[in-house]
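Asker: Residue numbers (our numbering), protein chains in the order written: chain A, 1 to 207; chain B, 1001 to 1190.
In case anyone wonders, no lab produced these hints; they're calculated from the structure.
Don't take each hint at face value.
Stretches of chain A that chain B covers, calculated by requiring three or more beta carbons in the stretch to come under 8 Å of a beta carbon on chain B [stated by the list, open to error]: (1) 13 to 19; (2) 27 to 41; (3) 76 to 86; (4) 96 to 104; (5) 177 to 186.
Calculated from the model, a selection of chain A residues having no Cβ within reach of chain B, i.e. all distances over 12 Å [said to hold, decoys possible]: (6) Asp70; (7) Phe71; (8) Ala118.
Each residue gets a CB set at the ideal place from its N, CA and C atoms; glycine is no exception.
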Amino acid sequence: MSPDHNPTPGPCTPMKIIISGGFGVGKTTMVGAVSEIEPLSTEERLTQASGGLDPLTGIEGKTTTTVALDFGRRTLHRQRIELYLFGTPGQPRFWFLWEDLVTDACGAVILIDTRRLADSFEPIGFFEHRAIPFIIAINDFADDPHRYSPDEVAHALHLPAHVPVVRCDARERHSTARVLAALITHTLTHQHQHTPSPSPSPDGVPT
Amino acid sequence: MATDTPATPATPDVPGRDPRHPFGGTTPPAPRPPWDAPWASYPVEQVRPFALIGGRTRPRHPIQLITLLSANNPADQAADDTFGGAPGNAGGGAGRGAAGDAGGEVAAGVLVQGRVPEADLVVGLCRERPRSLAEIAARIGLPVQAAKIIVSDLLDAGALVVPPPLPEDRDRRQLLEALLTGLEAMSDVA
């Protein structure tokens, strides 16, 4: 909803970031925090059919579940980039619904609620297996009596040492932007460190 | 079948239909009609998506979630308002155009499986600006795979086009660096 500074809608290159994590952890909120359009989704009420699959332990206040893709867009005019954010349910076994979801993704943020850490096991395994760069973002819930440090969380999740763990408030745009920046920094240092970029050519002159 | 008169009103007239939240979202789901009501009077969102696309599951075009789609020659079609009005069908076409949904004309009668209101919606959305498949699916309230089929039909019919890829002189790393710059700027603003 925030019109950006540059009014000329020049051609932009699309890029893609995935926001994953367990049920009710705030993925939709995070997508909405940076999206310039109202986040779109096909959120449906939690039905009895998913009763045994989407446990509500600890988050009884939540009555709906995202069973489909959340989607947001942010245009970075100055950089000529259109950033697409996809919020996905924490169970990669359902991701076949969007077969190209992870193709060419810049990386993934796995959003976690420290009360329900186990929700992140599946996506962590998925992204590790596919060598897609990811970071962990602890969504700080105000009513959470226990605050764990990023180190404690990293230890509990048996994360490889290079995977960053950050805290955030998924409702907040700057906080979310910092998380995404941390992800891209991680992607740049760990996905591209072994592939030397071609010798830099002067701007605008393709080799 | 080929030239079905658009006697039925376009989608915006379907009661209870909100294109932004067809499946719910913040809008509560429409109440189910009584059990003895005819199936056709059920709210649109209770029609199974794959009924709309004739049970097909494979699009003929490789379309991805972030593939952008544009309406074909929007200027031409806006000028030629009765384009879709096949001979003998001009009256209906003009009526629909007056209803402010000129996108419908393009798709009229050319879809193999018959025109569905969602196809009109898609063309209308893509006329406003290029839209990604993901956005189209969310806005018409269909699963991505179902939206893909409709979009694929519209590409076949020439109502939509995939704009040619931009001449991009940045490699992957440079794109990531640019993205990082943009995100850092966003996180710094007070």
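Asker: Each hint needs a verdict: does it hold in this structure or not?
Answerer: Taking the hints in turn, this is what the structure says about them:
Proximity of the region 13 to 19 of chain A to chain B, defined as three or more residues with a beta carbon under 8 Å from a beta carbon of that chain, is established by the 4 residues found. For the region 27 to 41 of chain A, the stated coverage by chain B holds: 5 residues have a C-beta nearer than 8 Å to a C-beta of that chain, and at least 3 were required. Only residues whose beta carbon comes within less than 8 Å of a beta carbon in chain B count, and the region 76 to 86 of chain A has 8; three or more means the coverage holds. Counting residues of the region 96 to 104 of chain A whose beta-carbon sits less than 8 Å from any beta-carbon of chain B gives 5, enough to reach three: the coverage restraint holds.
Counting residues of the region 177 to 186 of chain A whose beta-carbon sits less than 8 Å from any beta-carbon of chain B gives 6, enough to reach three: the coverage restraint holds. Its closest Cβ contact with chain B, about 8 Å, brings Asp70/A to no more than 12 Å, contrary to its assignment away from the interface. Consistency note on Phe71/A: stated as away from chain B, yet its beta-carbon is not over 12 Å from all of that chain's, at 5 Å minimum. No beta-carbon of chain B comes within 12 Å of the beta-carbon of Ala118/A; the shortest separation is about 28 Å.
Against the hints set out earlier in the document, violations occur for numbers 6, 7.
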